[in-house]
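S.K.: Taken in order, these protein sequences are the chains called A and B. The numbering used here applies: residue 1045 is where the first sequence begins, and numbers increase by one. The numbering used here applies: residue 41 is where the second sequence begins, and numbers increase by one.
Just so you know, the hints here were simulated from the structure itself, not pulled from any lab data. Computed from a predicted structure; not experimentally measured. Since no wrong hints were added, every one of them can be taken at face value.
Quick partial rundown of chain A residues pointing at chain B, CB under 8 Å, derived from the structure: (1) L1094; (2) P1119; (3) R1122; (4) N1130; (5) F1145.
Cβ-Cβ distance ranges computed for the label pairs, FRET-style: (6) M1137(A) <-> T59(B): 33 to 39 Å; (7) A52(B) <-> S1241(A): 41 to 47 Å; (8) Y1095(A) <-> L55(B): 24 to 30 Å; (9) G1174(A) <-> V95(B): 35 to 41 Å.
Each residue gets a CB set at the ideal place from its N, CA and C atoms; glycine is no exception.
Residues per chain are reported as follows:
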Amino acid sequence: MITLKNVSCKMSGKQILDGITATFNKGEIWGIIGPPGCGKSMLMKLICGLYPVTDGDLYIESENIAGMSEVRLVPVRRKIGMLFQNNALFDFMNVWENVAFPLSRMNSGLSPEEIRLKAFERLKAVGLGGSEEKMPSELSGGMRKRVGVARAIITEPPVIIYDEPTAGLDPVTTSKIYDLLNEIQSRSQSVVLTISSDIIGLRSFVKNILFINEGKILYCGPEQEIDHCTDPVVYQFLRGLDEGPL
Amino acid sequence: MYNLIAKIGEGALNLCHETGGLLHLLFMVIKSLFPPRFDPGEFLRNLYKMGVKSVPIIILTAFFTGGIMVIQASVFVKRFGATSLVGWGAGYAVFREVGPILLGLMFSGRVGSNNTAELGTMVVTEQIDGLKALGIDPMQYLIVPRVLSMIIMLFLLTIIGDVIAIVGAALFGILIADVSFAAFWTSFSQNVHVADVVHGLIKAGVFGFIVSLTSCYAGMTVRGGAVGVGRAVNNAVVTAALGIVISDYFLTYSLS
Ligand SMILES: Nc1ncnc2c1ncn2[C@@H]1O[C@H](COP(=O)(O)OP(=O)(O)OP(=O)(O)O)[C@@H](O)[C@H]1O
Ligand SMILES: [Mg+2]
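Just chain B, same shape as in the assembly (with noise of 0.2 Å):
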């Protein structure tokens, strides 16, 4: 009994000392924004290596998405001959949920967890305190410039990949819905509005949002060598999709 009020206290001191160091974290950044000192060299070569090198992911990724979602539809649409239902629904599902959701888990995985370990490997090979040495601050060197990226890359290849998905579910319509082309276009643009493409939107900012602070405070408090890295990287993408599924109830609900 006294073992378990025990286990319950240690859970929720970590919990107050990481929601903290996170806070603290996010005040740091902000106050690094006004007025901005961050270094443009590091935040255009994250930029590039964030967001251009994921392109080909993301469009793989959004492409299938909007497939698999004519593809469980059409089962239906068969039966009921709802064809002029399928652009409407694919549109709607993609641009407000199914879109933002997939290509920030998916971004988590490639550009959140990558960067967790690029930092941890920094902290324990004392590569940060290299650059502190050198009169440099880590913050503006190395977290706002991500942060930033991170934020704006993932709000960028949302819009990408909401396109691409259209098209996925455009041409798997074709292919496996018997589906015109014209049939999905007038049922995607009478019912689908610029509200719903916002609404998504706005998800995947604060998705980028999560992403960054969560993954660039598990790789500065990284302790403890490569299995540290590696209990780091898991850490992130662990907190980062949950941040995700969780926020996104709240913005879902309060958005609608």
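Next up, chain A with everything else stripped away, as it sits in the complex (with noise of 0.2 Å):
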């Protein structure tokens, strides 16, 4: 579904990816952790064609966008649903019109009136019922992030991205975003890529493990397998530990 293979991205002189290669095939749930500043937002901004590859390719079912011009990674964005780390709400609309948009903007088949609906009841099940009208600027930003999730979901995409779903709620809400996302992706069968800093949460979510550091890959496999990889930088993020190479 998602191949990278030896994807690298280079800013403004700095190397913020290096030679990532890696598959996430339909279905599966892939968390992506790492440090602070590692790249791991970035990398998510590259798979959905926001920033462009240096070097290496990028394939998203067969096709290749590396390189790849505004107007073809257009159909390509829109089989991607993402959450913004910061959410990325639009200002300018009110809380359900920001969840509503991205179907109201393809060829859903729905009309005007139930596309609203379905909007409502999005919000509803991210536990924002009685929040539609509101504009983004008067909501909380555990609130925020809830609309955010709402709206990377609404039109139920083969790729789901996650830019740090759970920050900034509380343990019952995490667990109930959990929740929804589990039931969307059990429904879509989509491939679903989360990035999170509450690693424990994260871990009881996925079943397979990405972990970043410096632009480049140090783990990549089954969830529960993390627990034996010997690299010491991984060894001391998951432990939380004070020494160490971090």
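Starting from two chains that each stand alone, build the complex the way the hints lay out.
M.R.: Given below as structure tokens:
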């Protein structure tokens, strides 16, 4: 479904990602972890085609998006639902319009009223019933995050990317969000890539883990086996130790 | 000495960079127009927001602009009894020069700066990336509707402004320069021609184009948070003002 072959990304002279090779298949749930600034968000933006790949190949289904023009990227991007780390809610629309926006922009065959109802239903599912008419600026950080989640999943795309879906949320809401993400995933069999710094919550949700440090992959494999990884950075990061290379 | 040369070189490179960026934006806008591919909803929304909502401030500006022309002239009008010149003078100056320039600058201050700030904020809060991620081309959704709205609206607002300015001039003429309405109207209608109005409206169209392009460009190229947005608004307003004054010189020269 998504294949990265030796993907590198350089910006303003700085190597942000270096030789990333990985495959994410249909139906898999991946957790992307690593220290701050290691390039997790950038990797997701590359997959979405928002920044150019400087080296290597990046396949979404069978299309290589490395070097693809903006026009040809449009249909590829529609296959991807993305929650941005800072939510990127449109501040000129209210909450339900934000959520409905992706759906109203594609040929879903739904009437405007059906789209509105679906947005309301999704907002209820993330625990935001009653806030539909508010503007994003009137919401708390955690509420905005949930609007972002609702917007990323409304079209049930084959690829879903969550950049920090549970940052700033309490444990109860976190587990509710993960339940919802699980439910969506099992229904649509999409590929899910989730970045999170809440390792424990994330590990209960994902089946596979990709560990990045300084733009390079240190671990890529099943979630259970990362505990046996001997890399000192991974070892220190997972156990939260003071002593180590980090 | 070396420093000076380096500074000049850097300035020249920057200028080339910005000019290239503006031309690229212009090219992209034109490309989105043939065939027309832009969001009609956003277009209407911007026509309203940029045009209709600017009407009060434009009326106010135009009314007093017309008045000021007459007040300045009144000294001479009274001294030489040249009441037959007031309508002509006011109409000629307002239509050809003062109207388009003042309204253009006003429009740049109200609409252009707002546009830059809005687009810039969307850039720094990743809303533009958010649009792209949804498979929406920001060019068609944000830029083209705004560029078209600004050009059309400054043109229409200038027509309204012209009328109001003449009303203002006539009124101040009666009140301050002792020019009767009949004298004002005769002088105005006999000496001011359609060509004068067209001259001003061509300018308005060009100014709208300059304000729209510079404000969109400044907004879309914002780097670095709120500070960056502030700097961009500043740049946009200064560039637009310079563009208006310089292009006015060339337009006046070539249209006369
Ligand atoms: N637009 C950009 N231009 C230049 N460098 C950038 C840009 N965006 C990110 N970077 C750099 O790329 C590196 C990786 O950034 P990224 O946002 O991917 O980190 P991250 O792993 O998501 O961190 P965090 O966990 O804090 O979100 C950082 O060093 C950052 O400075
Ligand atoms: Mg990040």
